[in-house]
Amino acid sequence: MPGIEYLFAALTPLNIMLALGGVIAGTVIGSLPGLTATMAVAVLVPITFSMEPTSALIMMGAIYTGAIYGGAYSAILLNTPGTPSAIATTFDGFPMAKKGQGDLAITVACIASVTGGLVGATFLLLLAPPLAEIALAFGPVEYFWLAIFGLTLISALSEGNLLKGLIGACLGLLLACVGIAEISADVRFIFGSQVLLGGIETVTALIGLYCIPVLIDLVATPDRHLKVDHKPRGFRFLEALAISWKAKFSLLRSSVIGTLVGILPGAGGSIAGLVAYTEARRTSKNSQNFGKGEPEGVLATESANNATVGGGFIPTLVLGIPGTPPDAVILGALLIQGIRTGPSLFTEKASIVFTFIYGLYLATFLMLPVGLVIGRYAYQTIITVPKALLVPTVAFMTMIGTYAIRNSISDVIIMIVLGVIGWILNRFGFSPSPIVLGLILGRIAEQGFVQAWTIGAATGELWEMFFGRPISLAIIAFILLSLFYPVIRSRFGKRTGEVPHVE
Amino acid sequence: MSNNLQGSLQRDTSTIFMACLFIFVAVVFLWDTTHMLDSDSYVFPRAVAIAMIILSLTLIVWNLVKPRLAKGESLVEASTARRVALVAAMLVGCLAMPWLGFLIPGILTFFLLMFIAMYDQWTKKRKLLYPVIAGAIVLGFYTLFGNILQVPLPVGTLFE
Chain S
1 MPGIEYLFAA LTPLNIMLAL GGVIAGTVIG SLPGLTATMA VAVLVPITFS MEPTSALIMM
61 GAIYTGAIYG GAYSAILLNT PGTPSAIATT FDGFPMAKKG QGDLAITVAC IASVTGGLVG
121 ATFLLLLAPP LAEIALAFGP VEYFWLAIFG LTLISALSEG NLLKGLIGAC LGLLLACVGI
181 AEISADVRFI FGSQVLLGGI ETVTALIGLY CIPVLIDLVA TPDRHLKVDH KPRGFRFLEA
241 LAISWKAKFS LLRSSVIGTL VGILPGAGGS IAGLVAYTEA RRTSKNSQNF GKGEPEGVLA
301 TESANNATVG GGFIPTLVLG IPGTPPDAVI LGALLIQGIR TGPSLFTEKA SIVFTFIYGL
361 YLATFLMLPV GLVIGRYAYQ TIITVPKALL VPTVAFMTMI GTYAIRNSIS DVIIMIVLGV
421 IGWILNRFGF SPSPIVLGLI LGRIAEQGFV QAWTIGAATG ELWEMFFGRP ISLAIIAFIL
481 LSLFYPVIRS RFGKRTGEVP HVE
Chain X
1 MSNNLQGSLQ RDTSTIFMAC LFIFVAVVFL WDTTHMLDSD SYVFPRAVAI AMIILSLTLI
61 VWNLVKPRLA KGESLVEAST ARRVALVAAM LVGCLAMPWL GFLIPGILTF FLLMFIAMYD
121 QWTKKRKLLY PVIAGAIVLG FYTLFGNILQ VPLPVGTLFE
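Heads up: the protein sequence lines correspond to chains S and X, in order.
Note that our numbering numbers the first sequence so that position 243 is 243, with each residue one more than the last.
Note that our numbering numbers the second sequence so that position 149 is 149, with each residue one more than the last.
Please keep in mind that the hints were generated in silico from the structure rather than gathered at the bench.
It cannot be assumed that every hint is accurate.
[As the list claims (entries may be wrong)] DSSO-like cross-link-like pairs, simulated, lysine-lysine; straight-line CA separation at most 27 Å:
#, chain 1, residue 1, chain 2, residue 2
1, X, Lys124, S, Lys292
2, S, Lys246, S, Lys98
3, S, Lys292, S, Lys387
4, S, Lys248, S, Lys292
5, S, Lys387, X, Lys66
6, S, Lys292, S, Lys99
7, S, Lys387, X, Lys127
Since the structure is predicted, the reported quantities are computational estimates derived from the model, not experimental observations.
Given only the sequences and the hints, what does the whole structure look like? Please build it.
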């Protein structure tokens, strides 16, 4: 194992304390709707300026790891992704909580996050330089096709009505265009309103579309928020471990997907989670239970989003290109520490890099006890707090959390209005997930499309630009497979006597 | 929300209505693109808006050609007044923030939402305990965001 001599340098009492503190702080911040992993790292990064570079890196990695996992709490217990990475966790996490399995969902998410984190860190340790080349191989057109691949997930999210799902995605794509255009800087679709000038922030939309409808329904009846089983059931660790073992291949595949998506600059944990969820659903024997409280769905998304931590560090450390937004903050902190990233970092500053990677392993292992304890506390709090305190607390959290994203009251207004729209659309059978998917992928798709179109038109190779590059063709093949898989499976199922699940 | 669905069946005219609404939204977006001069700005949204119109028309035709019976949602058991009050309280709270700052509208909104979400009796214990907890939560979050996380929360033009 490379750099094994630096393992003990990572395991000093100070580094263990910093990793523990980082994981706790990150988990708590990540669990608050509106406070993303980027924000968690950004607000705590000044603490690291006076530290040794390795200790600083270990703490930042621990905060990042904890924050990505923390997002699962509110996704499972409140149907609100604490961080964008936890979007897909809501699909099965919240239905599990509604059925009285919230504690199990949290433990499953914890095990998955630890597994994903370990896989990501292992890729970082063993394969960082060759994998960093993948990031360079991705041009605008590949990002465009990746976004389109993400949109094929709509068939999995539209709960049986593909047309409504596609319309919802179009709405999301249009909402992503509101504000200032990414390429031309034109002001678009604000209809004279200053409130819309800054566009619709993804996290704002997430909180609005997922959390406000829950609050609207919660306040309307005296029913409890979640079903409660009064028998003490502990952490349900062995039960969650058995579920994870049963879905070990899905867990591993999702972790690898998360690592690879994490390597791509700008893609991030949300796309990793969504892609891993699609693949898990496509290949699972329990695919018909996905979206209704299937633990395998939580396993897939949580392992993938935590794997992006290690994956994202690959281009950050090898190329100096941040894989995910929190990596950009960490990259800035590294420069302040006087560390220049680049291919030579693994040889010239091996002590720092390898100590940090082993520190990442340490933080990931610490996430297991920390995550289980905080998760248990969060679950107990949500199920015991009376509705008259739960509703205003969650509402207040959404308001202050949304405000904190860009220090803008306009964002809070947009969040509430989108929440009402989401609630109305949901009642007419339009699920919020395709809208959110369109909103997230819209910017990536538009930027990739326009840049590829411009390059293709300028070089006179428009068709070759979109359909002549090997990685693009591979992604197109995945898109076609994803779209026609239900038909293929249906035929295969008939031949083997299986009962297929087709949307 | 699917658990709110009731067994009583009704004709799916609501979907047709929603599809018409989506066509209207797409047309508004299309109309707005006519003011743009740079093709980089309008190519993508125009393509999406056209796709949305086509998909909505398909949904309408699908419902007309192959009429299906849709499950209607019942609001009988749920309080619409409380729903409206929740949204109104949140909106009024954040609209007041530029003038009154974050803390006062925050506390008032919290108290208002507490009354809206209250289904139990206001016992003496609750009357004493809940306002104290509410104050602690609001002040706790205010301190966390304003002082620890250094988020510049609005002070309010009346207090500047």
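Hints versus structure:
Restraint check for Lys124/X and Lys292/S: not satisfied, since their Cα atoms lie roughly 41 Å apart, outside the 27 Å limit. With a C-alpha separation of about 23 Å, the suggested pair Lys246/S and Lys98/S falls inside the 27 Å cut-off, and the hint holds. For the proposed pair Lys292/S and Lys387/S, the alpha carbon gap of about 24 Å is at most 27 Å, so the pair holds. Simply put, Lys248/S and Lys292/S have alpha-carbon atoms about 21 Å apart, close enough for the 27 Å limit, and the pair holds.
Between Lys387/S and Lys66/X the CA atoms are separated by roughly 44 Å; this puts the pair beyond 27 Å, and the hint is violated. A C-alpha spacing of about 9 Å is found between Lys292/S and Lys99/S, which places the hinted pair at or below 27 Å, so the restraint holds. For the proposed pair Lys387/S and Lys127/X, the alpha carbon gap of about 15 Å is at most 27 Å, so the pair holds.
Consistency with the previously given hints fails for numbers 1, 5, ordered from lowest to highest.
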